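Participant: Sequence:
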Amino acid sequence: MKNLVFLLLFVLVTIPGLRAEKIKFKAITKKELNVDKCDFYPEAKAVILEKKGEIDFDLATTKGLVYRYSEGVRIKILDDQMKDAGNVKVRLYSPDNNVSGEREKITYLSGWTYNLENGTIEKTKLEKSNIYTNRLNKYWVEMSFVLPNVKKGSVIEYSYMKESSYFENLEPWAFQSDLPTCHNELTYTIPEYFNFQSRMMGNMYSVQREEKWVSDIVGELNFRSKRTSMKVKNLPPVEEEPFVSNACDLPLRVEFQLVTVDLPGQPIWHIAGTYAQLNKKIVETDFWRVATRGNFPKEISGAVVGMNDLEKANYLFEWIKGAIAWDGMYGISPSKGLREALRSKSGSVGDINLALNALFRENGLEAYPVILSTRGNGILHPIYPNFNDFNYVVSVVKIGKEHYLCDATANVPLGLLPPRCLNGSGWMISDNGGMMLPLKGMGADVSTAVTTMRIVDGKLEVDIALMDKEYSALRVLDNYVKKGADKFQEALQARYVDWEFSDFNFKPERNGIRQNFKLRKNCDGTDMIYIQPFLYGLASEPLFKRDSRVAIVDFPYGSQQNISTAIEIPEGYEVEQLPEDVAYLLSNKGALFTFKALEGNGGITLLVTFTMKKLTYTPQEYPELKDFFDRFAELSKMVVVLKKKV
Numbered sequence: 093m094k095n096l097v098f099l100l101l102f103v104l105v106t107i108p109g110l111r112a113e114k115i116k117f118k119a120i121t122k123k124e125l126n127v128d129k130c131d132f133y134p135e136a137k138a139v140i141l142e143k144k145g146e147i148d149f150d151l152a153t154t155k156g157l158v159y160r161y162s163e164g165v166r167i168k169i170l171d172d173q174m175k176d177a178g179n180v181k182v183r184l185y186s187p188d189n190n191v192s193g194e195r196e197k198i199t200y201l202s203g204w205t206y207n208l209e210n211g212t213i214e215k216t217k218l219e220k221s222n223i224y225t226n227r228l229n230k231y232w233v234e235m236s237f238v239l240p241n242v243k244k245g246s247v248i249e250y251s252y253m254k255e256s257s258y259f260e261n262l263e264p265w266a267f268q269s270d271l272p273t274c275h276n277e278l279t280y281t282i283p284e285y286f287n288f289q290s291r292m293m294g295n296m297y298s299v300q301r302e303e304k305w306v307s308d309i310v311g312e313l314n315f316r317s318k319r320t321s322m323k324v325k326n327l328p329p330v331e332e333e334p335f336v337s338n339a340c341d342l343p344l345r346v347e348f349q350l351v352t353v354d355l356p357g358q359p360i361w362h363i364a365g366t367y368a369q370l371n372k373k374i375v376e377t378d379f380w381r382v383a384t385r386g387n388f389p390k391e392i393s394g395a396v397v398g399m400n401d402l403e404k405a406n407y408l409f410e411w412i413k414g415a416i417a418w419d420g421m422y423g424i425s426p427s428k429g430l431r432e433a434l435r436s437k438s439g440s441v442g443d444i445n446l447a448l449n450a451l452f453r454e455n456g457l458e459a460y461p462v463i464l465s466t467r468g469n470g471i472l473h474p475i476y477p478n479f480n481d482f483n484y485v486v487s488v489v490k491i492g493k494e495h496y497l498c499d500a501t502a503n504v505p506l507g508l509l510p511p512r513c514l515n516g517s518g519w520m521i522s523d524n525g526g527m528m529l530p531l532k533g534m535g536a537d538v539s540t541a542v543t544t545m546r547i548v549d550g551k552l553e554v555d556i557a558l559m560d561k562e563y564s565a566l567r568v569l570d571n572y573v574k575k576g577a578d579k580f581q582e583a584l585q586a587r588y589v590d591w592e593f594s595d596f597n598f599k600p601e602r603n604g605i606r607q608n609f610k611l612r613k614n615c616d617g618t619d620m621i622y623i624q625p626f627l628y629g630l631a632s633e634p635l636f637k638r639d640s641r642v643a644i645v646d647f648p649y650g651s652q653q654n655i656s657t658a659i660e661i662p663e664g665y666e667v668e669q670l671p672e673d674v675a676y677l678l679s680n681k682g683a684l685f686t687f688k689a690l691e692g693n694g695g696i697t698l699l700v701t702f703t704m705k706k707l708t709y710t711p712q713e714y715p716e717l718k719d720f721f722d723r724f725a726e727l728s729k730m731v732v733v734l735k736k737k738v
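In the working numbering, the protein residues as written are 93 to 738.
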C-alpha cells in the first residue's frame, strides 16, 4: 500500500483537492421544536429529522491521498429517556506505533442544542470542555462529546468531518439506526482512477439513487469523477428480534471496498485480494509458525503413544483446556506466546487455539487453524476478505474423512464449537491452499424429559428425569457453573412455587448432563381431577411475537427434543377424553413436531417430539415458522381430566 501511495503522489500531484464540504442544515424552526411524535412511527422516543453525509477525495502533497468523510445529524428528543442521544462517540483508526504517516483525525466538529423557551428559540453551543478523546487500544482512538442542555422537546444537531489516509476502505454509511429516520442522504464522489465496489447491506428498503459524471481538466490531464447520491425517507428503526446472528448486519447501509486502481500510464493495481491471496500471506508470517510448531513438555507426546488418532486428539484437546484458561480476550493472534501462557496458565483465544493446533501437529495429527468472525461481529465477505473482520481462531483436526472443529477456550467436547463461533463459515489456513469450512451443523440442542405422575393419598406425586446432550448440555452446565449449585437449584425450585420440591440431583456424565427431582402437591377435586402433564421442557410462551419480520431467522444449531409423561390413573377414575394427536411439518421440511396420546396398562402416556434441521429462514418463511412455534407452545397449556367413574 505504501508503494501505491507514492505512485499516486507522483501521478496525481497536479490534481487539486476534491474537497468534501462541511455539513450544514437549514435554520431550525419552531415547527420542528413543536414536533411531539413521529408520524410514521408513533411510539418513538426520539426521531432523526435529518442525516446528511458526504464522502470525497483530496490530494495534498504533504499528506498524500486522503478521503474526507462528513456527517451531520439532527435529532428531535420526544422523551426524557432519550437524553443520551446527545452523547456521541466516533472511532478513529490510529495505531500508536504508526510511522508511515497514515492516520484518521477529526478536522471539524460543531454541535448545538435547540430548545423552545416561552415561545423563543434558544440555542446552546457544544463547548470544547465537553469534547473528550480516549485511546481504546493500540489501534483505536475514540472521540466523544456531550451536547448540552438536552431534554424532552430539544432538537440536537451535530456535524463533523473526518480525514483518513485509509482510502482502500471507505467509511460505511448507515441509513438505518435504532431511531426512526425522516430523511437520510449520502453523496459520494469517486475519481475515475479508483474502482470501488459498493454494496447495499442489511434490511432492504427503497433507496433513491442518482449517478452522474463530473469532469475536470488540469493542464493536459482530463479526469472524471462519479458522483452518487442516495436518499431514503421515513425509515423505521432497527428493532430487536430473536435469533439474529449479527445485529450489526441488520441496519440498511452501503459499504465500500477498493478493488482496483487504474492510473494513467500505469498497470492496474489489484487491491482487494482473494482468500487464496490472504492465505498465502498468512502462511508467510509468524502466525503460521506459531500455529504449526511449539515447544511442549515431552511427557505429553509420551502419554499418547499407542492411542488411535481420535483418542490422541481428545487427550491433547483436554490437556490444553487444563493447561491454559481463557482470559476472555478475542483475536486471531497470540497475545502472550506459548511459554508465557503455559507459565501463567491463562491466555487469549489466539494463545490457546494456536497452541492446540501446534500440539496436534507435533503429535502426528493433520490440523489447521481456522479464522472466523463470531456471532455479532458480522458475516465474512464471500469474495473479498477483510483481515479486520476476523476476530477469532479455532483449530480443525482431520481424522479419517472427518473434520473436527476444536475450541479449547470453552467447556465443549472435541468437534463442537461454542455458540459464539457458529456464524457462517470460517477460513481454514493451509500451506497447501486454504478453504472455507462451514461452522454450523456439527451439533444440536439434544434433550430428553421423562415425567411420571401418580396420585397417592390425595397427593399428586411427580418424578422428573432430564438428560441434556451437546449444546443443551453446554447451556445447562454453563448456567450451573455461573450460578453455583445452590443458586441453580433455587432457580429451578422457583418454577414450582405451588409444589413441594425434593430429591434434586445434578450429575455430569461423559455424554451429557443428568438431572432428577421430585414434586408433590395436594390433588384438588374428587369427581374431577385436572392434571397439567408437561411440567418441564415445553415453552409456555410463543417463541416469536411479531406478525412480520425483516431479518433472517438464524438458529445457531439444530434441535432434537423428546418429552414424555406417563400418568397412572387411580382406581375408580377414567380419562374423560384423550387429547387429539398432532403433527406439524413445515412446508420446507425444516422442522417437525408431533404429539401422541396412548392409553393402556392402567394409565396414559403423552409423547412429544420436536426436531429442527433447517437453521435459517427468510422473512417470507417467517409467518409459517411463527405459526409453527405458536402451535408448539399451545401443548404446554394442555390439561388432562380424570373423572370419577359412575
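One should not assume that every hint holds.
Computed cross-link-like contacts, EDC-like style, restricted to lysine to aspartate or glutamate with a CA-CA straight-line distance of at most 16 Å [to be verified]:
| id | residue 1 | residue 2 |
| --- | --- | --- |
| 1 | 318 | 124 |
| 2 | 244 | 332 |
| 3 | 718 | 633 |
| 4 | 144 | 163 |
| 5 | 490 | 458 |
| 6 | 735 | 660 |
| 7 | 490 | 570 |
| 8 | 304 | 284 |
| 9 | 610 | 582 |
| 10 | 736 | 633 |
| 11 | 123 | 188 |
| 12 | 551 | 616 |
| 13 | 175 | 270 |
| 14 | 637 | 722 |
| 15 | 243 | 176 |
| 16 | 688 | 663 |
| 17 | 437 | 401 |
| 18 | 123 | 148 |
| 19 | 637 | 555 |
| 20 | 123 | 214 |
| 21 | 688 | 673 |
| 22 | 681 | 713 |
| 23 | 244 | 176 |
| 24 | 114 | 135 |
| 25 | 215 | 124 |
| 26 | 610 | 633 |
| 27 | 197 | 234 |
| 28 | 390 | 454 |
| 29 | 737 | 672 |
| 30 | 736 | 673 |
| 31 | 243 | 188 |
| 32 | 373 | 188 |
| 33 | 737 | 668 |
| 34 | 637 | 332 |
| 35 | 230 | 188 |
| 36 | 116 | 277 |
| 37 | 244 | 214 |
| 38 | 197 | 263 |
| 39 | 637 | 260 |
| 40 | 181 | 234 |
Hints in this document: simulated from the structure, not taken from any laboratory.
Please read these numbers as outputs of a predicted model, since none were measured by experiment.
Participant: Please go over all the hints and tell whether each is borne out by the structure.
Facilitator: Hints, verified against the model:
Restraint check: the Cα-Cα separation between residue 318 and residue 124 comes to about 35 Å, which exceeds 16 Å; the hinted pair is violated. For the proposed pair residue 244 and residue 332, the alpha carbon gap of about 24 Å is over 16 Å, so the pair is violated. At most 16 Å may separate the alpha-carbon atoms for a hinted pair to count; residue 718 and residue 633 meet this at roughly 12 Å. As the CA atoms of residue 144 and residue 163 are separated by approximately 6 Å, the hinted pair is consistent with the 16 Å bound.
With a C-alpha separation of about 6 Å, the suggested pair residue 490 and residue 458 falls inside the 16 Å cut-off, and the hint holds. Among the hinted pairs, residue 735 with residue 660 is consistent with the structure: their alpha-carbon atoms are about 13 Å apart, no more than 16 Å. Only pairs whose Cα atoms come within 16 Å are accepted, and residue 490 paired with residue 570 is rejected, the gap being roughly 28 Å. Distance check on the hinted pair: residue 304 and residue 284 sit about 12 Å apart at the alpha-carbon level, within 16 Å; holds.
Between the alpha carbons of residue 610 and residue 582 the distance comes to roughly 14 Å, so the proposed pair stays at or under 16 Å and holds. At most 16 Å may separate the alpha-carbon atoms for a hinted pair to count; residue 736 and residue 633 exceed this at roughly 32 Å. At most 16 Å may separate the alpha-carbon atoms for a hinted pair to count; residue 123 and residue 188 exceed this at roughly 47 Å. A hinted pair counts as satisfied when its Cα atoms are at most 16 Å apart, and residue 551 with residue 616 qualifies at roughly 8 Å.
For the hint pairing residue 175 with residue 270, the CA-to-CA distance comes to about 14 Å; that is within 16 Å, so the pair holds. With a C-alpha separation of about 9 Å, the suggested pair residue 637 and residue 722 falls inside the 16 Å cut-off, and the hint holds. For the suggested pair residue 243 and residue 176, the alpha carbons sit about 9 Å apart, so the restraint of at most 16 Å is met. For the hint linking residue 688 to residue 663, the alpha-carbon distance of about 24 Å lies beyond 16 Å, and the restraint is violated.
Straight-line distance between C-alpha atoms of residue 437 and residue 401 comes to about 26 Å, which puts the hinted pair past the 16 Å bound. A threshold of 16 Å between alpha carbons decides the hint, and for residue 123 with residue 148 the separation of about 33 Å lies outside it, so the pair is violated. As the CA atoms of residue 637 and residue 555 are separated by approximately 33 Å, the hinted pair breaks the 16 Å bound. Proximity of residue 123 to residue 214 is assessed by CA-CA distance (about 14 Å); at most 16 Å being required, the pair is judged to hold.
Only pairs whose Cα atoms come within 16 Å are accepted, and residue 688 paired with residue 673 is accepted, the gap being roughly 5 Å. For the hint pairing residue 681 with residue 713, the CA-to-CA distance comes to about 12 Å; that is within 16 Å, so the pair holds. At most 16 Å may separate the alpha-carbon atoms for a hinted pair to count; residue 244 and residue 176 meet this at roughly 11 Å. With a C-alpha separation of about 33 Å, the suggested pairing of residue 114 with residue 135 is violated against the 16 Å cut-off.
Taking the CA atoms of residue 215 and residue 124, the gap is about 14 Å. The hint holds against a cut of 16 Å. The suggested pairing of residue 610 with residue 633 is violated, with an alpha-carbon distance near 24 Å, which exceeds 16 Å. Of the pairs offered as hints, the one joining residue 197 and residue 234 holds, with about 10 Å between alpha carbons and a cut-off of 16 Å not exceeded. For a cut-off of 16 Å, the pair hint linking residue 390 to residue 454 stands: about 11 Å separates their Cα positions.
Of the supplied pair hints, the one linking residue 737 and residue 672 is violated, its CA atoms being roughly 22 Å apart against a limit of 16 Å. A distance of roughly 24 Å separates the Cα atoms of residue 736 and residue 673; the hinted pair therefore is violated under the 16 Å criterion. Among the hinted pairs, residue 243 with residue 188 is inconsistent with the structure: their alpha-carbon atoms are about 38 Å apart, more than 16 Å. For the hint pairing residue 373 with residue 188, the CA-to-CA distance comes to about 24 Å; that exceeds 16 Å, so the pair is violated.
Restraint check: the Cα-Cα separation between residue 737 and residue 668 comes to about 10 Å, which is no more than 16 Å; the hinted pair holds. Our distance criterion of 16 Å between C-alpha atoms is met by residue 637 and residue 332, whose separation comes to about 11 Å. Of the pairs offered as hints, the one joining residue 230 and residue 188 holds, with about 5 Å between alpha carbons and a cut-off of 16 Å not exceeded. Under the criterion of a C-alpha separation no larger than 16 Å, the hint pairing residue 116 with residue 277 is consistent with the structure, at around 13 Å.
For the hint linking residue 244 to residue 214, the alpha-carbon distance of about 14 Å falls within 16 Å, and the restraint holds. A threshold of 16 Å between alpha carbons decides the hint, and for residue 197 with residue 263 the separation of about 13 Å falls inside it, so the pair holds. Distance check on the hinted pair: residue 637 and residue 260 sit about 42 Å apart at the alpha-carbon level, beyond 16 Å; violated. Under the criterion of a C-alpha separation no larger than 16 Å, the hint pairing residue 181 with residue 234 is consistent with the structure, at around 7 Å.
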